[in-house]
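Student: So the chains spell out like this:
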Amino acid sequence: MKVLEINHCNKKFGDNEVLKDISLSVSEGQVVSIIGPSGSGKSTLLRCATLLETMDGGDLVYLGEYAAKADAVGKAVYSDKESLRNIKKNFGLVFQNFNLFPHYSVMRNITEPPILIGKRPKDEVYREARVLLEKMGLSDKEDAYPFQLSGGQQQRVSIARALAMKPKMLFFDEPTSALDPELTGEILKVIKDLAAEHMTMVIVTHEMAFARDVSNHIIFMDGGVIVEEGAPQDVINNPQQERTKAFLGRFQQ
Amino acid sequence: MIGIDFSQVWGILGQLGEGMGASVMIFALTLLFSMPLGLLVAFGRMSKWAPLRFLQKEEVKQPVGLGGKIKAGVLGFKPIQFIVKIFIAILRGTPLMLQLIVVFYGPFYLFGMQLPRSYRFIAVLIGFSVNYAAYFAEIYRSGIESIPVGQYEAAAVLGYSKSQTFRRIIFPQMAKRIVPPVTNEVITLVKDTSLAFVLTYEEMFTIAKQIAAKEGSILPLFVAGVFYFIFNFVVAFVMERIEKAMDYYR
Ligand SMILES: Nc1ncnc2c1ncn2[C@@H]1O[C@H](COP(=O)(O)OP(=O)(O)O)[C@@H](O)[C@H]1O
Ligand SMILES: [Mg+2]
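So the sequence lines, in the order shown, correspond to chains A and B.
Mapping the first sequence onto my numbering, position 62 (from 1) lands on 62, and the numbers just tick up by one.
Mapping the second sequence onto my numbering, position 147 (from 1) lands on 147, and the numbers just tick up by one.
Just chain A, same shape as in the assembly (with noise of 0.2 angstroms):
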């Protein structure tokens, strides 16, 4: 079944074309890493896939429901207000420098949403958050607020705010560059085993080891185009686009 599907989506900024013609989906359970250069649109992909943005051409379906329609001209048209909040149900986002609320604790930044907006019985929502922390290594934190936290807690934290909202599918904007290196190792492995318990997920990274590793599929994109995309140990091991190479290249060093 696919999650997540993205059918020819065009984006521009005034006159600057930064999604051309992209078309991707993500089945259950899959995990696709998103690759390329800085600047080549891999944020923006993802701020249309999560509704941050708005796509200026293509389809955007969850679960088969769109979420935008493109038109007969190709223009994309989006649903109705009601349908797409309840769209948005299907997929939490992580975003590279955390957005957790400041003035929350990390109890209520993971339990809040479920509680307010998914409207499910507090101490059922509470009692998963403690189980959601406990697989964080966080239990001792849920009283903390985000600011007494390292950047790698933090991180965890918005993980498991994510996930206390059940969401079908996860997209991560680079969880760790904003994370000293001796910390990025924590968020992917908790990434890792999201991938173990067959979690959907769409991850945009430059830890090239790790999205071989953990993927099922990789995209190499560059200049608003998928460049080449495939199996993890084609794309990483055996690019054959010159762009591909060049990219991968300034990364074995």
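It is worth saying that the hints were derived from the structure and are not from the lab.
Careful, some of the hints might be misleading.
Computed beta-carbon distance windows for the label pairs [stated by the list, open to error]:
#	chain 1	residue 1	chain 2	residue 2	range
1	B	Tyr-105	A	Thr-54	51 to 59 angstroms
2	A	Thr-54	B	Phe-111	46 to 54 angstroms
3	A	Gly-137	B	Ile-90	35 to 43 angstroms
4	A	Ser-79	B	Met-246	19 to 27 angstroms
5	A	Gly-137	B	Pro-79	52 to 60 angstroms
6	B	Ala-175	A	Lys-166	30 to 38 angstroms
7	A	Lys-166	B	Gly-65	36 to 44 angstroms
8	A	Ser-23	B	Pro-79	37 to 45 angstroms
9	B	Pro-79	A	Asn-216	29 to 37 angstroms
These numbers come from a predicted model, not from an experiment.
Glycine included, every Cβ here is placed at the ideal spot set by N, Cα and C.
Guided by the hints, dock chain B with the ligands onto chain A, whose structure is given.
Tutor: For chain B with the ligands alone, kept in the frame of chain A given last:
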């Protein structure tokens, strides 16, 4: 310095007492009205409503040439933001004393309206509240605009509506950030209450001046000064408490 006759001070305090109550009243009611009104004004100031924008072709988001820029400016015109901007500029750019006079005498001189005696107090409150709302609006706006866009995005992805995002995520963080500038305004307001004398509203400063004139003594004004000083001392203490109460996060 000449020795102060304390029985005289007590006498002055007795006469000023009622005026002090009036000053505190102006102060408290002005805050009560201007702080929420300021938020409304801030929303107007940040309004992005541009009723003519639909005429703009989507491709022309980046206008070319002078003609294009003028056209983009006209079509992108934001009437609410524009009006509120002018409103704020006038209120901050002219003396509060003048504004009080306009509010009090305006209805009669402009429209020939006969207003009851009690209008004096209402005029004072309108003048102060509207003027302070303009200042608070700019403080709120800068507070709101200082919240990182990532906070809005995190809330949006989690499914928060616009109003939920504002009430639960943005407003509390804004409130913490604006305590220092709000403290400044509140301290200024304590002193500004004395401006009500231009409408001969019987707050403390008005009375102090009357006594001083009648008795040919500066002592009543000195007592008034001490009153404002102590009032502000209390205000500073309270504001510091509020700041501390919000210190649990950064
Ligand atoms: N809000 C925006 N307004 C204008 N241009 C933008 C905006 N966001 C991104 N861009 C531009 O889009 C291009 C792709 O950016 P981005 O998606 O952030 O790339 P990446 O995540 O791959 O580094 C860049 O040229 C960037 O300047
Ligand atoms: Mg990016």
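Student: Return holds or violated for the Cβ distance of B:Tyr-105 and A:Thr-54 against the range 51 to 59 angstroms.
Tutor: The hinted range 51 to 59 angstroms holds for B:Tyr-105 and A:Thr-54, with Cβ atoms some 53 angstroms apart.
Student: In this structure, is the beta-carbon distance linking A:Gly-137 and B:Pro-79 contained in 52 to 60 angstroms?
Tutor: holds, 54 angstroms
Student: So the hint says 30 to 38 angstroms: do the beta-carbon atoms of B:Ala-175 and A:Lys-166 match that?
Tutor: holds, 32 angstroms
Student: Would you say the C-beta atoms of A:Lys-166 and B:Gly-65 sit inside 36 to 44 angstroms of each other?
Tutor: violated, 53 angstroms
Student: For A:Thr-54 and B:Phe-111, compare the CB-CB distance with the range 46 to 54 angstroms and indicate the outcome.
Tutor: holds, 50 angstroms
Student: That 35 to 43 angstroms hint for A:Gly-137 and B:Ile-90 (C-beta), does it hold up?
Tutor: Taking Cβ atoms as reference, A:Gly-137 and B:Ile-90 lie about 58 angstroms apart, which means the hint is violated.
Student: Hint says 29 to 37 angstroms; check whether the CB-CB distance for B:Pro-79 and A:Asn-216 agrees.
Tutor: violated, 53 angstroms
Student: Range first: 19 to 27 angstroms. Now tell me if the beta carbons of A:Ser-79 and B:Met-246 are that far apart.
Tutor: Since A:Ser-79 and B:Met-246 have Cβ atoms about 40 angstroms apart, the given range 19 to 27 angstroms is violated.
Student: Using the Cβ atoms, figure out if A:Ser-23 sits within 37 to 45 angstroms of B:Pro-79.
Tutor: Holds - the Cβ-Cβ distance for A:Ser-23 and B:Pro-79, about 42 angstroms, lies within 37 to 45 angstroms.
Hints 3, 4, 7, 9 from the list above are not met by this structure, while the remaining hints are.
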